[in-house]
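Starting from the two chains in their separate frames, assemble the complex, guided by the hints.
Which chain is which? The protein sequence lines are U and H, in order. Residue numbers for the first sequence follow UniProt numbering, beginning at 1 and rising by one. Residue numbers for the second sequence follow UniProt numbering, beginning at 1 and rising by one.
Since the hints were derived computationally from the structure, they do not count as laboratory data. You may find that some hints are simply not true.
Subject to a maximum C-alpha distance of 35 Å in a straight line, what follows is the list of computed DSBU-like cross-link-like pairs (lysine-lysine) [said to hold, decoys possible]:
hint, chain 1, residue 1, chain 2, residue 2
1, H, LYS18, U, LYS66
2, U, LYS112, U, LYS66
3, U, LYS115, H, LYS22
4, H, LYS22, U, LYS112
5, U, LYS132, H, LYS22
6, U, LYS88, H, LYS18
7, U, LYS112, H, LYS18
8, U, LYS88, U, LYS132
9, H, LYS22, U, LYS88
10, H, LYS22, U, LYS129
11, U, LYS129, U, LYS88
12, U, LYS132, H, LYS18
Footprint (simulated), chain H over chain U, 3 or more residues, beta carbon under 8 Å [unchecked claim]:
hint, segment
13, 29–43
14, 99–105
Beta carbons: idealized from backbone N, C-alpha and C, even for Gly.
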Amino acid sequence: MTSVLHVDGVSRAFDGRPVLSEVSFQVAGGRMTGFVGANGAGKTTTMRIILGVLAADSGDVLWRGKPLSREVRQRFGYMPEERGLYPKMSVMEQIVYLGQLHGLSRASAAGKATKLLDRLGLGERAGEKLEKLSLGNQQRAQVAAALVHDPEMLVLDEPFSGLDPLAVDVVVDVLRERAASGVPVLFSSHQLELVERLCDDLVIIAGGTIRAAGDRARLRESYALPRFQLHTGADVSWLASWPGVTVVESDGTRAVIDLADGADDQKLLRAALDRGAVRSFGPVSPTLAEIFREVIR
Amino acid sequence: MTTLQAARVVAAREIRVKLRDKTFLFSTVFFLLIAVASTVLPALIDGGKTSVAVTDPAAVSVLRQAGFEVRQVDGDAAAEQLVRDGDVDAAVVAGPTVLAMDDSPGDLVRALSTAPPVRLLDPDAVDPFLMFVVPFAIAFVFFFTNFLFGVQIAQSVTEEKQTRIVEILVSSVPTRALLAGKVAALTLLAFGQVALIAIAAVVGARVAGLDATVLSLLEPAIGWFLVFFVLGFVMLASLWAGVGALSARQEDINGASAPVQMLVMIPFFATIFLIENDAAMRLLSYIPFSAPVAMPVRLFTSDVAAWEPVVALLILAVTALALLAVGARIYQGSLLRTNGRTSFATAWRSKPG
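For reference, chain H alone in the conformation it holds in the complex (with noise of 0.2 Å):
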């Protein structure tokens, strides 16, 4: 049997395990609701035409054309009455005059009154809620789904070690196995469930109707951000397994991981404070811990050049793989010292075996 068949048996296995796990399938639907509702509920809030009664039959057409949900009544008193017993959100009476109950509608005064002339010079910008709500929703996946599975990469080294079947693993196969199995199967995982959030956020996105030009910004932001996260997520992966064979308890795991977590929250608290600042978010998206993030957030927000998000890519992927073999020499330098929490020093300076 080869190493690839091997770790390909390991994957399998940690596969069938998590698709039985409950903290996994209740992630999973956690993920999804938040996808669709981040999507489909401002368009909802949004959504529906304001509804004015008016007694003016002049202005009647000009709003019915101007969009608005109009009702003709006779007399101011009985259009006051409408807007009291909220049957219509504003009535526009005598004077003219808008009435509405707490709140100013402004659509229905931008409409009646002569707005001067607008030239936009920025026509692509886009609504400040989604600009706020899409990079959160990116770097609060990015950083949950890396954190969440990366600790189970972490609990399942562990939980091999701390019950002794690593022996029998490591007589069988090659470590390498062990842990290339362990590491794809958790990033198949990881990736199913942010395509699967991906795949909601724009059917719902399309189904509530968002216009074509943020369509247009947010597909290909969420596109780049799939890639981005497959590489940024093994990026993690092995260094994950490795606090995991660090850990001689589960009681371990959060201690010895603390320097892998950093890797996961400095980024993504950089991404959220500075997404204003360009020059930031543009050094951010360079930087491999914070361009799986940082990218396909400047691909939604500002101009990016086409080659620019090739070049992160190469950086992350470059980074991955030198991470990939130090992961990969504190897990085999650590995975059999079954006495106590194994040291970083320690575990690399190991000799295998």
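Just chain U, same shape as in the assembly (with noise of 0.2 Å):
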């Protein structure tokens, strides 16, 4: 696993207000990395930044250890957060139009856009034109339009963001599997249960500044809170008197809890066993979600 896009101390602001602030991560190719942050947290100038499409105030952006340039960006695949295609061309044409922006041959660009749009299921409607299709469909066309290349990097805003789930389901796969030839996946969402299933790394970004950012697994565990879960066949009401515990939620045999610095919770568990049958007792891992707040918080 190698880092090959490398975001760089790139700040920028608008009209004197920053947007962005020395925001530094690594997207490593192989990998799906997940970006997240609150509305306005700065992803989406941060992807425009990486694309080109918005320069930098200050910072480079990497690729391999170099700069950028115009010749890898247009290898790029890039889903904008705005989405967009010309409503009165055909699904195909326009695929194969963009593809041929993107450096292919109009062959190869036909050839590909008629695989790519079967893979998502467009393949019947790939003639007609963009405005006769329905909301979710043109958003299986947007999908094309950023993979028709076969992208060197994939950087997507809300690539899930109308789509219904079984459109979901299809490019969930699809992604998974550029990942898996080596391509680096960036990729923003709000449906952070989502994220939580797809992503391999992690970024968060708050106000401007990247709050965290590596291997999911890894942060989950650097966030994981003193938090366990306790299910007996037994009442558990106890368990609110019992030193350096705080229930987090309760229901009746079942019980979530935070213990507190330095509570033992093999003491914990011995008590539970005296009180009757303990079917389970463990930590808890944080959700996405619950980091997400402890991070920005």
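And the structure:
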């Protein structure tokens, strides 16, 4: 695993108002990197800077250690936050056109477009004008637009918004395939559960600064709270008065608790066993949503 | 891929889309009809020999020689009846008196009178009808083609902005490739249309049998017009693209393009109204915005030194280069500003990217 894209100390202000300050993170080849942050945190601005649609005030974007050139960028696949294709052009024709703009010959663009549209379930609608398609299908076409030229890097701003659940599955499969073939994939999303399910690496941005970045599993460990779940055969209301325990939620025989620093989880387990059968007892990993809330605080 | 290759891909799409566009096809056919009609119709209306009923055998041979269609009849009453029935245009009866229904047949009267000798001081002078119609046609074609295609450039730019596809385009190819591709494609189409019209006009003029002196004036004028047209179109094309980029929605284009519309319209009216004024026309034929019309018109209507169109063309070319730069800067400065209409000043100051 090598990091091929480095965002290195990028800052940008709009009309004197800083939007990104010293943003740095890396995107590794062959991995899906989730990019999360609240609205206005700077995700879209960062992605636009990576694609060269917007210039950074300072800082660099590096590709394999060198400043990212237009020639390399042309082989990127980009799905902007604000979607759009030509409404009056046929789906096939505009995907081929975009393939050509990314350097493919007309013939090879046509071949790739046909395969991709089939894969995305748009094969039969390929000859129709875009405006005749349902919104969901227009989104699929948008995905095809980003992928037609077999990009060396994918930058996708909210790729799943507007997709129906079936389409989400198809797109997820396609993206995983691309990642598995070694392509670095950077994608943003509001749907944290989806990001959690998909990403290998995670970048969290808030207020224009990177709050956390790295391997998702490791981030999870480092943000793990001393939180446990206990499921017993008997009532667990006694937990509330146990020293060092804060009950997060409880319903009869089941409880989620936080242990204070220094409180002994094994002692607690023995106490539970003394009161009856213990079905399960173990640490609870924080969800991405919880990490996110913790990190951006 | 180089910028040039990218521009070619962009241009190819524009042309494909336009060739399927009904507005484009209709306007081409419409202009062709006008071109053919304006050269062929006058000849047709004018055409046909005047037919005359004649009673005096001596007059018959004279009038035949003068090119009239002559019918010899017996008696003035019969001649008058033929005129009344509309079988002939006029009759020559005893007197001699010329009979006609409601319009004095000038050519017949001239043929019967002894005309004083005439010495033409300006034998090249052109038929007053053509004197009016040719300059007007040149101005009209330039004005409408510029307007029609200019607005289409603006619309095509705004469409990309309004549908947001522009961000994908800009992330794939340099903005100047987008601009160059569009300008090249629409220039080619506009030139194609105008060249077709020009060919139709010249062929029409030959078929209609326009006389050689007129053709010798008309053809160079049309030839120069084509050259001036291309540069004149390119000069404004990037400005049209610029105002397209300033507009966030199609509805904004009209307002945003008002200054460019003026650059097309004022020279049009100036040339039409000042056509009789030699000094003004001379000036207009060097001002780059009116030169594409005024110089070919002068070539047709008056004597122009050989160097004059060349100099005017050079001035036009330099202006075109300068305005291309202005248009490109406006285009690049406003293309990605999708929130409402961008002001000229904002676009001008905007740093790239």
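Hint check results:
Taking the CA atoms of LYS18 of chain H and LYS66 of chain U, the gap is about 42 Å. The hint is violated against a cut of 35 Å. Taken as a hint, the LYS112 of chain U and LYS66 of chain U pair is honoured in the structure, with Cα atoms around 30 Å apart against an allowance of 35 Å. Taking the CA atoms of LYS115 of chain U and LYS22 of chain H, the gap is near 32 Å; set against the 35 Å cutoff, the hint holds. Restraint check for LYS22 of chain H and LYS112 of chain U: satisfied, since their Cα atoms lie roughly 31 Å apart, inside the 35 Å limit.
Pair hint LYS132 of chain U plus LYS22 of chain H holds up; C-alpha atoms about 20 Å apart against a cutoff of 35 Å. Restraint check for LYS88 of chain U and LYS18 of chain H: satisfied, since their Cα atoms lie roughly 12 Å apart, inside the 35 Å limit. Among the hinted pairs, LYS112 of chain U with LYS18 of chain H is consistent with the structure: their alpha-carbon atoms are about 26 Å apart, no more than 35 Å. Distance restraint check for LYS88 of chain U and LYS132 of chain U: the Cα-Cα separation of roughly 9 Å lies within the 35 Å cut-off, and the hinted pair is therefore satisfied.
Distance check on the hinted pair: LYS22 of chain H and LYS88 of chain U sit about 13 Å apart at the alpha-carbon level, within 35 Å; holds. Simply put, LYS22 of chain H and LYS129 of chain U have alpha-carbon atoms about 16 Å apart, close enough for the 35 Å limit, and the pair holds. A threshold of 35 Å between alpha carbons decides the hint, and for LYS129 of chain U with LYS88 of chain U the separation of about 6 Å falls inside it, so the pair holds. Of the supplied pair hints, the one linking LYS132 of chain U and LYS18 of chain H holds, its CA atoms being roughly 20 Å apart against a limit of 35 Å.
Residue count for the segment 29–43 of chain U with a Cβ under 8 Å from a Cβ of chain H: 0. That is fewer than the three needed, and the coverage hint is violated. Taking a C-beta to C-beta cut-off of 8 Å, the segment 99–105 of chain U contributes 4 residues in contact with chain H, enough for the three needed, and the coverage statement holds.
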